[in-house]
Amino acid sequence: MRSLVNRVGAAAVAAGALIPASVHAAAVEGAVQKQATNFSAIVMFLIFVLATLGITYWAARRTKSAKDFYAAGGGITGFQNGLAIAGDYMSAASFLGIAGLVYTSGFDGLIFSVGWLVGWPIILFLVAERLRNLGKYTFADVASYRFQQTPMRTMAACGSLATVTFYLIAQMVGAGKLIQLLFGLDYMWAVVIVGVLMIAYVTFGGMLATTWVQIIKAVLLLSGASFMAFAVLAKFGFSPEAMFATATQVHPKATAIMAPGALITDPISAISLGMALMFGTAGLPHILMRFFTVSDAREARKSVFYATGFIGYFYILTFIIGFGAIVLLLTPDATGAYPFLDAAKLAAAGGKPNPAMIIGGSNMAAIHTAHAVGGDLFFGFISAVAFATILAVVAGLTLAGASAVSHDLYASVIARGRASEHDEIRVSKITTVVIGIISIFLGIAFENQNVAFMVGLAFVIAASANFPVLLMSMFWGRMTTRGAVLGGWIGLVSSVTLLILGPTVWKSVLGNPAAIFPYDNPGAFTIPLSFLAIWFFSITDNSKAAQDEREAYKAQYIRSQTGLGAEGASAH
Amino acid sequence: MKENAQRILANPKFQELVQKRSAFAWTLSIAMLVIYFGFILLVAFGKGFLGTPIGNGVTTWGIPVGLFTIISAFILTGIYVHRANGEFDELNRQIMEESK
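Protein chains in written order, with my numbering: chain A, 1 to 572; chain B, 1 to 100.
Treat the hints as calculated values from the structure; they're not laboratory data.
Fair warning: there could be bad hints in the mix.
Cut-off 20 Å, straight-line C-alpha distance, at most; resulting in silico cross-link-like pairs (EDC-like, lysine to aspartate or glutamate) [said to hold, decoys possible]:
| id | chain 1 | residue 1 | chain 2 | residue 2 |
| --- | --- | --- | --- | --- |
| 1 | A | K136 | A | E447 |
| 2 | B | K13 | B | E98 |
| 3 | B | K100 | B | E3 |
| 4 | B | K100 | A | D266 |
| 5 | A | K554 | B | E16 |
| 6 | B | K47 | B | E3 |
| 7 | A | K235 | A | E421 |
| 8 | A | K136 | A | D376 |
| 9 | A | K64 | A | D333 |
| 10 | A | K352 | A | D333 |
| 11 | A | K554 | B | E3 |
| 12 | B | K47 | A | E567 |
What follows is a list of derived Cβ distance ranges for each label pair [what the hints assert, rightly or not]:
| id | chain 1 | residue 1 | chain 2 | residue 2 | range |
| --- | --- | --- | --- | --- | --- |
| 13 | A | F475 | B | E97 | 22 to 30 Å |
| 14 | A | I268 | B | E98 | 17 to 25 Å |
| 15 | A | R61 | B | I30 | 21 to 29 Å |
| 16 | B | G38 | A | G477 | 26 to 34 Å |
| 17 | B | R93 | A | V434 | 53 to 61 Å |
| 18 | A | R62 | B | E98 | 17 to 25 Å |
| 19 | B | R83 | A | V413 | 39 to 47 Å |
Since the structure is predicted, the reported quantities are computational estimates derived from the model, not experimental observations.
For glycine and all other residues, C-beta sits at the position ideal for the given N, C-alpha and C.
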């Protein structure tokens with residue numbers, strides 16, 4: 001076991017301060033050295049790949065129509081979809097990032113977990129059933145329901161593609177870093193493997209395969225994390241108090257880890273982050289797409305209920321695992337050594353352990369804890385699950401991006417509704433391959449960049465460009481094409497601009513001395529701005545088309561409330 | 001379908017469904033927002049309270065408050081799904097039946 005740990009020990013992940021907008025992506029940043037090959041993890045990962053390719057083969061034989069390809073035929077149950085949604089949401093970075101954050105800062109980790117969870121009830125209460133009743137394959141179906149198709153779909157597709165691209169880059173770079181660290185494979189190979197497998201899942205198996213890959217991964221991740229939390233608590237006779245007591249004794253911050261720390265200092269940052277997390281979730285295209293895979297609004301509601309339960313449970317587990325990391329990694333083993341801390345740094349500090357000495361950086365906290373509680377085999381298992389997680393999330397993102405191109409841009413804008421179903425699927429498959437290849441190149445191009453801010457960017461764009469248009473299209477009968485399109489573009493442009501001018505990009509990435517815009521997260525400004533623009537440009541729109549669009553709201557309203565004329569499940 | 005829509009709109013049960021369901025959804029949404037932003041404001045302004053140990057232990061009030069926020073999200077979704085998939089769906093079924 002020591003030798004394995006030492007091999008990991010050669011890794012030098014720049015610990016990098018976790019910034020609020022970016023915990024999701026912060027899994028692995030900075031330069032990582034390649035490790036010696038980790039066979040147990042590779043074997044377990046190969047088993048996962050073989051099983052999921054088997055599922056893809058099965059799914060490919062059942063995927064014939066566009067509905068099968070985009071929405072798994074609408075035949076996924078609420079429970080299955082709940083797991084798949086949870087799977088989409090529990091990315092490797094949220095698992096490793098939040099556990100790492102708890103390990104270094106304690107309570108602060110919980111603040112993020114809570115922020116990521118509370119968007120779900122809002123989605124259920126306000127969005128889920130209307131979305132299911134109105135939509136077919138993409139959220140643009142809903143946003144453009146009674147509006148002019150070309151400008152609306154173009155705007156919605158651009159919002160989707162921007163969100164998906166930033167999210168994808170973060171995932172690809174994370175995958176490359178993680179695989180170097182965990183499996184000892186070359187960065188480039190890691191990125192290529194992710195790209196090729198993702199193309200295979202999506203082009204051959206469509207949404208059906210993507211959903212089942214996600215479900216399997218969610219079950220594996222939840223089981224692995226449950227075992228870890230159980231093993232940690234078992235060491236303390238299942239008394240959280242005893243675990244916290246030990247943690248405060250061994251952590252240099254002592255009892256400060258039990259209280260909110262320095263992560264959130266001023267209320268504007270706090271509320272801005274809260275808004276971006278809450279509303280960004282409701283604007284992520286790959287998540288919204290999942291609501292079309294169930295048969296009706298009833299199953300859509302159930303899926304959010306189950307997803308909220310799984311995600312909440314998972315965040316409680318990561319909190320326990322983070323504290324487990326504190327007590328297990330910062331206390332000496334039977335021989336008096338600290339196997340998971342960097343020996344040189346430990347010696348330099350006179351043998352006094354500190355969380356920052358962790359081998360591989362704070363994001364390795366959960367992985368080391370797996371090693372400490374379950375030995376080599378479990379370490380391999382958790383490593384394989386972490387990689388499988390990235391793969392599954394990437395497949396979901398790619399499908400969402402491909403749908404935006406084929407269903408929104410190609411079928412509605414370019415072919416103006418005259419494309420055959422067969423052509424549309426073909427375009428979608430070609431797009432998947434193109435997105436796969438582009439993301440391999442982007443993954444390689446961004447290898448040495450700090451990409452942690454990119455998931456933050458994806459959330460802010462989703463919250464400022466996609467969410468306001470989607471929500472207003474369903475709730476506000478007086479919205480017009482002009483208001484929606486301008487509001488959406490203003491949300492998109494303002495959020496990207498302010499993020500670039502903010503501390504994360506302007507100061508940390510571009511190396512300027514001070515940021516022009518003071519907040520990491522522009523959500524508190526850009527989300528209201530987008531709503532305001534939608535309102536203003538709609539009420540001042542007196543065109544004939546605008547009148548017709550307002551007239552059409554009544555029919556849309558009835559369908560959104562009752563499901564009259566809504567898409568059903570396809571018969572198999 | 002157009003006639004259907006007219007009949008649905010004229011059905012008093014439709015108004016009842018829409019009113020009840022949206023009042024319920026907004027109430028629960030506001031409850032969730034109050035709980036969450038209450039938690040965030042406590043983090044921003046009430047660090048002292050969240051960092052106060054419960055009794056003589058090291059566990060602080062922040063832990064149950066954070067857990068409560070997570071669990072309340074789950075419970076609120078449960079409450080909504082229970083009523084929407086029961087009472088509201090039944091009402092919806094009747095409306096669709098009567099408007100055929």
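request  = With 21 to 29 Å as the target window, see if R61 (chain A) and I30 (chain B) comply at their CB atoms.
outcome  = Since R61 (chain A) and I30 (chain B) have Cβ atoms about 48 Å apart, the given range 21 to 29 Å is violated.
#### Entry: Hint consistency between K100 (chain B) and D266 (chain A) [alpha-carbon to alpha-carbon, up to 20 Å]
Roughly 57 Å separates the two Cα atoms, so the pair is violated.
inquiry  = Within 17 to 25 Å: is that where the Cβ-Cβ distance between I268 (chain A) and E98 (chain B) falls?
reply    = 51 Å, violated
Pair hint outcome, K100 (chain B) versus E3 (chain B) [Cα-Cα no greater than 20 Å] | 9 Å, holds
Check: Does the Cβ pair F475 (chain A), E97 (chain B) satisfy 22 to 30 Å?
Finding: Check passed, 27 Å falls within 22 to 30 Å.
- Could one say that the CB atoms of R93 (chain B) and V434 (chain A) fall in the range 53 to 61 Å? Violated, at about 45 Å.
Next item on the list: Mind checking the alpha carbons of K136 (chain A) and E447 (chain A) for me, to see if they're no more than 20 Å apart?
Entry: 37 Å, violated
Item to check | Distance restraint evaluation - G38 (chain B), G477 (chain A), Cβ atoms, bounds 26 to 34 Å | outcome: 32 Å, holds
* Agreement of K13 (chain B) and E98 (chain B) with the hint, judged by alpha carbon distance not exceeding 20 Å -> 10 Å, holds
Restraint check for K47 (chain B) with E3 (chain B), where alpha carbons must lie at most 20 Å apart
59 Å, violated
What's the verdict on K554 (chain A) and E3 (chain B), does the C-alpha distance respect the 20 Å limit or exceed it? 13 Å, holds
The hint says 39 to 47 Å between R83 (chain B) and V413 (chain A); measuring C-beta to C-beta, is that right?
Given range 39 to 47 Å: holds, Cβ gap about 40 Å.
Going down the numbered hints, you'll see the structure goes against 1, 4, 6, 7, 8, 9, 12, 14, 15, 17 and 18, while the others check out.
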